[in-house]
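First to last, the protein sequences are chains A and B. Heads up: the first sequence is residues 1 to 195, going by my numbering. Heads up: the second sequence is residues 196 to 343, going by my numbering.
Mixed in with the good hints, there may be bad ones.
[Claimed, not checked] Pairs of lysine to any residue residues, derived as SDA-like cross-links and limited to a Cα-Cα distance of at most 20 Å, are as follows:
hint : chain 1 : residue 1 : chain 2 : residue 2
1    : A       : K76       : A       : A38
2    : A       : K76       : A       : D163
3    : A       : K124      : B       : L249
4    : A       : K124      : B       : K234
5    : A       : K76       : A       : S16
6    : B       : K234      : A       : A174
7    : A       : K76       : B       : L214
8    : A       : K124      : B       : E251
9    : B       : K234      : B       : I198
10   : A       : K124      : A       : A139
11   : A       : K124      : B       : E202
12   : A       : K76       : A       : Y150
13   : B       : K234      : B       : L214
14   : B       : K234      : B       : R221
15   : A       : K124      : B       : P253
16   : A       : K76       : A       : E58
17   : A       : K76       : A       : M135
18   : A       : K124      : B       : A224
19   : A       : K76       : A       : N91
20   : A       : K124      : B       : R221
21   : B       : K234      : B       : E202
22   : A       : K124      : B       : W248
23   : A       : K124      : B       : I198
24   : A       : K124      : B       : G246
25   : B       : K234      : A       : E182
26   : B       : K234      : A       : R181
27   : B       : K234      : A       : A185
28   : A       : K76       : A       : T22
29   : A       : K124      : A       : K76
30   : B       : K234      : A       : A38
31   : B       : K234      : B       : A224
32   : A       : K124      : B       : L214
What the hints contain is simulated information worked out from the structure, not anything from laboratory work. All of these numbers come straight from a predicted model, not from anything done at the bench.
Okay, here's what each chain looks like letter by letter:
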Amino acid sequence: MSEPTPTASASSDELSELELVTRVAGGDAGAYRVLSDAHLGPIYNYARRILNHENEAEDVAQETFLRLWTEAQRWKPTARLSTYLHRIAHNLCMDRLRRARPHSSDAVEALADSSGPLRLVERKQLAESVERALMTLPARQRAAVTMVHYQGLSNPEVADVLDIGVEAVESLLARGRRALREMLALRRATAGVSE
Amino acid sequence: MTISLEEFQNWLEQHGARLQAWPEDRLQAGEALLEQDPKAVAHLEQAQALGSWLDESPSVVVSAQLRRRVAEIPIQQARDVAGLSGSWSSWLRASLAAVFIGMAGLMTGAWTAPSVPAADNTELDVELYWDEFSELALAGEFDTGGER
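Given only the sequences and the hints, what does the whole structure look like? Please build it.
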């Protein structure tokens, strides 16, 4: 088998998602490249928010796209490809969480900010507080909140990813948001006291 | 549809603070309550504050290394398949060669071996028996009747 080479014809503008995935299933590396370029960022960020671990999130993202390359024919066009990829990534994340390794959370990436080092530190602390709060949620609540808030998935799409009903998703979201709101209130109260 | 403040808060938790993302019937009922009840506006502002707080955790840029690893998956897979089929075919060739050599050896042996009659060991057995008997007789173990 010769090494696949990207084809110039594949571009996300010209081809529909279905056509691209069909091409990937047929071994078209160019179509794969178009899809991986479009979806790698969201999938990596999802895994990173769920696992809160850079290396493991990278492994999950790589495994997700390996599945896309080797099992593209399993995608059914009834769902968006993004939903399908999130489902793969989510299941891989849950597998890793079940193996439950203790780890220290990664430091938040440096944030680009032109307003000076103090503001940068403040924003980094704020980002870390959000990540810590998210990590205190049970995994499924965290997954639901992350998919809706950060990944832009709808409630029915989250239901598809988690393989549960829409009402169950709404329940997860309600409990997750309630818990986060309480954490935010507590944070503001603490900040108010310390000031 | 008329809804209570509690229902409105539940919907905020289920659908988030972006009202445009709500189901159509709930959106209309929610907007109607917002016009009537200042407490509903306060709930909406709390939900929006939560959204803003979550936005403080930005998306992370994918490293160049991960981009490369993901982009190279088709090439890596092709190499793995080629390597696997290569090692498999070399193993198959070696196995076939061994079987061929074995068969050739058997056939050669069958064709070229001289026909050897079945060994008749009767004479040898009798000879050995008499040798042993003679030695015992010489040692005086048996009465040979003075003969021999």
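Hints, verified against the model:
no., hint, verdict
1, K76/A to A38/A, "19 Å, holds"
2, K76/A to D163/A, "15 Å, holds"
3, K124/A to L249/B, "13 Å, holds"
4, K124/A to K234/B, "33 Å, violated"
5, K76/A to S16/A, "14 Å, holds"
6, K234/B to A174/A, "19 Å, holds"
7, K76/A to L214/B, "30 Å, violated"
8, K124/A to E251/B, "9 Å, holds"
9, K234/B to I198/B, "13 Å, holds"
10, K124/A to A139/A, "23 Å, violated"
11, K124/A to E202/B, "36 Å, violated"
12, K76/A to Y150/A, "24 Å, violated"
13, K234/B to L214/B, "16 Å, holds"
14, K234/B to R221/B, "17 Å, holds"
15, K124/A to P253/B, "10 Å, holds"
16, K76/A to E58/A, "25 Å, violated"
17, K76/A to M135/A, "32 Å, violated"
18, K124/A to A224/B, "39 Å, violated"
19, K76/A to N91/A, "18 Å, holds"
20, K124/A to R221/B, "37 Å, violated"
21, K234/B to E202/B, "13 Å, holds"
22, K124/A to W248/B, "12 Å, holds"
23, K124/A to I198/B, "40 Å, violated"
24, K124/A to G246/B, "17 Å, holds"
25, K234/B to E182/A, "18 Å, holds"
26, K234/B to R181/A, "17 Å, holds"
27, K234/B to A185/A, "17 Å, holds"
28, K76/A to T22/A, "10 Å, holds"
29, K124/A to K76/A, "40 Å, violated"
30, K234/B to A38/A, "42 Å, violated"
31, K234/B to A224/B, "15 Å, holds"
32, K124/A to L214/B, "29 Å, violated"
Hint violations for this structure: numbers 4, 7, 10, 11, 12, 16, 17, 18, 20, 23, 29, 30 and 32, all remaining hints satisfied.
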